[in-house]
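**Q** Sequence:
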Amino acid sequence: MEERTFEDKEFRKTYWHTCSHIMAQAITRLYPDAKLAIGPAIDEGWYYDIDIEESFTNDSLEAIEKEMKNICKERLQIERFVLPKNEAIELMKDQPYKLELINDIPDDEEISFYKQGEFVDLCAGPHLNSTGYVKHNGFKLLASAGAYWRGDEKNKMLKRIYGIAFQSKEELADFLEKREEARKRDHNKLGRELEYFSTVEYVGQGLPILLPKGARVIQLLQRWVEDVEQRKGYLLTKTPLLAKRELYKISGHWDHYLNGMFVLGDPYDETKECFALRPMTCPFQYQAYLNRERSYRDLPMRFGETSTLFRNEDSGEMHGLIRVRQFTISEGHLVIRPDQLEDEFKGCVELCKYFLGTVGLLDNCSFRFSQWDPSNTKKYEGTPEQWEMAQAAMKKILDDLGLSYEIGIGEAAFYGPKLDIQYKNVFGKEDTIVTIQIDMLSAQKFDMYYIGSDGQKKLPYIIHRTSLGCYERTLAYLIELYAGALPVWMAPEQIRILTITDRAIEYAQNVAKKLENKYRVVLDNSSNTLKYKIRNAQMDKIPYMLILGDKDIEAKTVSVRTRTGDDLGAMPLDEFDKIIEDIVQNKKTVLK
RNA sequence: GCUGGCGUAGCUCAAUCGGUAGAGCAGCUGACUUGUAAUCAGCAGGUUGCGGGUUCAAUUCCUGUCGCCAGCUCCA
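Using our numbering, the letters of the first sequence map in sequence onto residues 1 to 592.
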């Protein structure tokens with residue numbers, strides 16, 4: 001086994017899993033009262049959940065690491081053995097979590113253990129065959145955190161320690177360095193530094209202030225999405241941000257989403273009017289459809305809206321621009337005949353792939369088919385038959401499209417299954433960026449019908465979908481992806497004009513005036529030195545810098561420098577305009 | 001909401017045993033008028049997140065609260 005390397009995913013996981021046991025052994029040595037829960041290998045490293053009184057501090061993590069090194073150096077043989085259930089229970093009698101796990105193992109399955117020195121753990125394996133194979137200077141404990149037993153918030157919260165290991169200390173150092181590099185791209189830090197957004201304590205959690213740069217980027221994304229959607233046959237709506245309780249009762253939000261809403265008034269006093277801010281656009285936009293009777297000839301009707309939503313997230317959930325309490329999405333609802341489902345759904349997938357591809361985010365996306373959980377029917381509306389039908393329809397479409405997707409059980413909306421497009425950010429964390437959902441239930445609730453060719457009332461299907469998802473979240477991902485250096489067409493500041501001497505001020509003002517008609521320009525005609533101006537210009541973020549001095553005035557040129565450090569030399573303004581116009585018009589993501 | 005960590009100037013960080021808050025950068029003013037990653041000088045900047053407590057004295061100790069970070073749970 002020692003011939004194998006980390007290229008081999010199975011070996012990597014085995015190695016990390018053994019690390020997890022070594023960590024558990026070290027913890028047991030240092031804290032004999034610790035009760036062990038589970039300790040699996042994960043995508044990057046491992047964790048172990050432990051029930052223990054003490055909190056793990058940085059100091060205690062170091063102490064555990066030190067003991068782990070000892071265990072490696074002891075070169076303990078790791079031996080697997082199997083016990084019948086009654087003996088397994090006897091062996092683990094002091095480990096309540098292990099007992100619970102043993103009791104869940106079916107009687108006909110064998111119960112395996114791994115032993116290294118004095119330490120024995122219930123485990124399916126596999127493992128390395130000696131603690132000596134783990135390089136004592138190749139691992140690090142990264143963090144401690146809380147985690148619920150079996151992932152259920154009703155259960156006790158245990159202490160979790162995360163760790164990472166490699167086969168050499170150089171690889172470990174490399175990993176830690178890359179992690180630091182990723183932190184520098186963190187939108188939550190970079191976005192504040194570059195003044196895209198800020199938060200204010202007394203405004204509230206999850207309520208970011210979009211500063212001029214952030215607001216500008218979001219505005220131009222919104223205009224672009226609205227324009228493209230218009231060309232794709234979308235009808236623009238603008239609907240209220242709040243409504244009476246009665247609307248949400250029809251939509252089902254009152255039953256399924258009340259604790260996620262901001263309610264204005266007493267939700268339980270039926271004698272008084274009660275409003276709530278909208279957490280979703282659906283029931284509002286349906287009203288546009290309901291405005292008059294519709295024929296089968298009218299369908300599909302595609303409604304689009306740049307829609308601001310409010311969700312009362314739990315206080316621990318907020319994170320920069322990724323998870324907020326007020327956000328704006330490119331919302332849309334397609335009211336369609338059942339026979340149009342396939343084409344329209346595919347159209348939605350194509351559209352959002354176009355948007356995500358153009359901004360450069362598509363490469364980090366994966367698809368998730370989010371289904372209901374048949375064992376938790378309380379969370380959902382509709383019958384099992386209706387769910388099976390909707391999911392079967394979506395499965396057929398996804399398979400036809402040849403999309404490779406993962407299935408997420410219990411990830412569906414309460415009214416239907418979803419195709420979620422998941423974005424993996426610089427830290428490897430995944431969130432939904434775009435969602436397309438099939439809804440076969442809502443039309444009936446809202447009495448949304450159309451008159452078929454036979455003159456009879458028919459129920460349409462509804463597709464809920466976004467194009468670019470939530471703009472705040474998208475902006476966060478763009479900041480991270482481009483490390484703050486957004487593509488020219490969406491950069492909040494495209495050109496910075498710098499004067500070398502005060503003699504160039506008037507010339508610079510004229511240049512600025514010409515460019516301002518088409519581009520976002522900032523003129524720095526302060527009397528500081530050029531070096532000073534460049535230093536303070538965040539020059540690796542601003543696509544183009546025009547440097548103007550006596551030579552340029554005389555030759556009627558601008559000296560152009562790009563944020564990548566390329567000096568394009570002096571050129572007439574028209575020539576510069578052509579270069580940048582091409583890049584902006586064609587939404588090129590690469591500068592040059 | 002839960003577990004843990006952290007809140008000192010716009011940013012990055014100091015402040016010994018509890019003894020009355022200091023530096024660099026950014027900012028502003030002046031000088032310099034400079035051709036591609038730190039020109040010089042000066043000024044200003046703080047209810048140490050906020051409230052309560054202990055103490056002669058709190059940035060420091062205790063407590064509550066708000067916010068930020070990591071993770072869990074939940075979700076776009």
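Among these hints, one or two may not hold up.
Below, simulated SDA-like cross-link-like pairs (lysine to any residue); rule was C-alpha separation at most 25 Å, straight line [to be verified]:
{"id": "1", "residue 1": "9", "residue 2": "124"}
{"id": "2", "residue 1": "93", "residue 2": "160"}
{"id": "3", "residue 1": "514", "residue 2": "583"}
{"id": "4", "residue 1": "154", "residue 2": "375"}
{"id": "5", "residue 1": "238", "residue 2": "445"}
{"id": "6", "residue 1": "93", "residue 2": "108"}
{"id": "7", "residue 1": "429", "residue 2": "40"}
{"id": "8", "residue 1": "13", "residue 2": "219"}
{"id": "9", "residue 1": "66", "residue 2": "101"}
{"id": "10", "residue 1": "159", "residue 2": "34"}
{"id": "11", "residue 1": "189", "residue 2": "520"}
{"id": "12", "residue 1": "244", "residue 2": "65"}
{"id": "13", "residue 1": "69", "residue 2": "12"}
{"id": "14", "residue 1": "578", "residue 2": "588"}
{"id": "15", "residue 1": "69", "residue 2": "10"}
{"id": "16", "residue 1": "115", "residue 2": "101"}
{"id": "17", "residue 1": "541", "residue 2": "219"}
{"id": "18", "residue 1": "249", "residue 2": "288"}
{"id": "19", "residue 1": "346", "residue 2": "443"}
{"id": "20", "residue 1": "159", "residue 2": "114"}
Think of the hints as simulated: they come from the structure by calculation, not from any bench.
**Q** Does each hint fit the structure? Answer for all of them.
**A** Quick rundown of the hints versus the structure:
1. Distance restraint check for residue 9 and residue 124: the Cα-Cα separation of roughly 17 Å lies within the 25 Å cut-off, and the hinted pair is therefore satisfied.
2. With a C-alpha separation of about 22 Å, the suggested pair residue 93 and residue 160 falls inside the 25 Å cut-off, and the hint holds.
3. This hinted pair checks out: residue 514 and residue 583 have alpha carbons roughly 18 Å apart, not beyond 25 Å.
4. For the given pair, residue 154 sits about 18 Å from residue 375 by alpha-carbon distance, which is consistent with the 25 Å threshold.
5. Our distance criterion of 25 Å between C-alpha atoms is met by residue 238 and residue 445, whose separation comes to about 22 Å.
6. For a cut-off of 25 Å, the pair hint linking residue 93 to residue 108 stands: about 21 Å separates their Cα positions.
7. With a C-alpha separation of about 18 Å, the suggested pairing of residue 429 with residue 40 holds against the 25 Å cut-off.
8. Of the pairs offered as hints, the one joining residue 13 and residue 219 is violated, with about 45 Å between alpha carbons and a cut-off of 25 Å exceeded.
9. Restraint check for residue 66 and residue 101: the C-alpha separation of about 30 Å exceeds 25 Å, so the hint is violated.
10. Among the hinted pairs, residue 159 with residue 34 is consistent with the structure: their alpha-carbon atoms are about 10 Å apart, no more than 25 Å.
11. A C-alpha spacing of about 24 Å is found between residue 189 and residue 520, which places the hinted pair at or below 25 Å, so the restraint holds.
12. A distance of roughly 57 Å separates the Cα atoms of residue 244 and residue 65; the hinted pair therefore is violated under the 25 Å criterion.
13. Note on residue 69 and residue 12: the hinted pairing holds, with a Cα-Cα distance of about 19 Å set against a maximum of 25 Å.
14. A hinted pair counts as satisfied when its Cα atoms are at most 25 Å apart, and residue 578 with residue 588 qualifies at roughly 14 Å.
15. With a CA separation close to 23 Å, the supplied pair residue 69 and residue 10 stays within the 25 Å bound.
16. In summary, the hint linking residue 115 to residue 101 is supported, as the alpha carbons are separated by about 18 Å, within the 25 Å threshold.
17. A threshold of 25 Å between alpha carbons decides the hint, and for residue 541 with residue 219 the separation of about 19 Å falls inside it, so the pair holds.
18. About 18 Å separates the Cα atoms of residue 249 and residue 288, which keeps this hinted pair within 25 Å; it holds.
19. Distance hint between residue 346 and residue 443 is fulfilled; the C-alpha atoms sit about 21 Å from each other, no more than 25 Å.
20. For a cut-off of 25 Å, the pair hint linking residue 159 to residue 114 stands: about 23 Å separates their Cα positions.
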